[in-house]
Amino acid sequence: MISQVCNGCFGYILYGRLVFNFSGGNDIKKISRYYIWLAGAWLINWLGIALLVEKGVKESLGGIIMIAPLACASYIIQKNWIFTDGNT
Numbered sequence: 116m117i118s119q120v121c122n123g124c125f126g127y128i129l130y131g132r133l134v135f136n137f138s139g140g141n142d143i144k145k146i147s148r149y150y151i152w153l154a155g156a157w158l159i160n161w162l163g164i165a166l167l168v169e170k171g172v173k174e175s176l177g178g179i180i181m182i183a184p185l186a187c188a189s190y191i192i193q194k195n196w197i198f199t200d201g202n203t
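Residue numbering for the sequence shown follows the working numbering, starting at 116 and increasing by one per position.
Relax, there's no trap hidden among the hints.
Just the calculated beta-carbon pair ranges, DEER-fashion:
no.	residue 1	residue 2	range
1	Gly140	Lys170	38 to 48 Å
2	Asn136	Ile182	21 to 31 Å
3	Arg132	Lys170	37 to 47 Å
I should point out that these hints are in silico values taken from the structure, not numbers from a laboratory.
Only a predicted model underlies this, so the values are computations on that prediction, with no experimental measurement involved.
Don't be surprised by glycine CBs; every beta carbon is placed ideally from N, CA and C.
Could you put the whole structure together from the sequences, leaning on the hints where they help?
Given below as structure tokens:
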């Protein structure tokens, strides 16, 4: 759990600055949204892999299959909901 929190801090800074050129600082609302998304992404990944395993896909392959859709969703959510310049 501690590693996930550290990863979240690192990810918030890294993605915010390098990927989205976000200079909004340490806005608690945006940090909260980032952690909500991390929890949601973890849950979606877990459920997606479980569903694929139920359909006969090996767990490791299920994890690989989930990478692309989660990466796309993550980019869209971070761009439009987390690292926005507005107050929305």
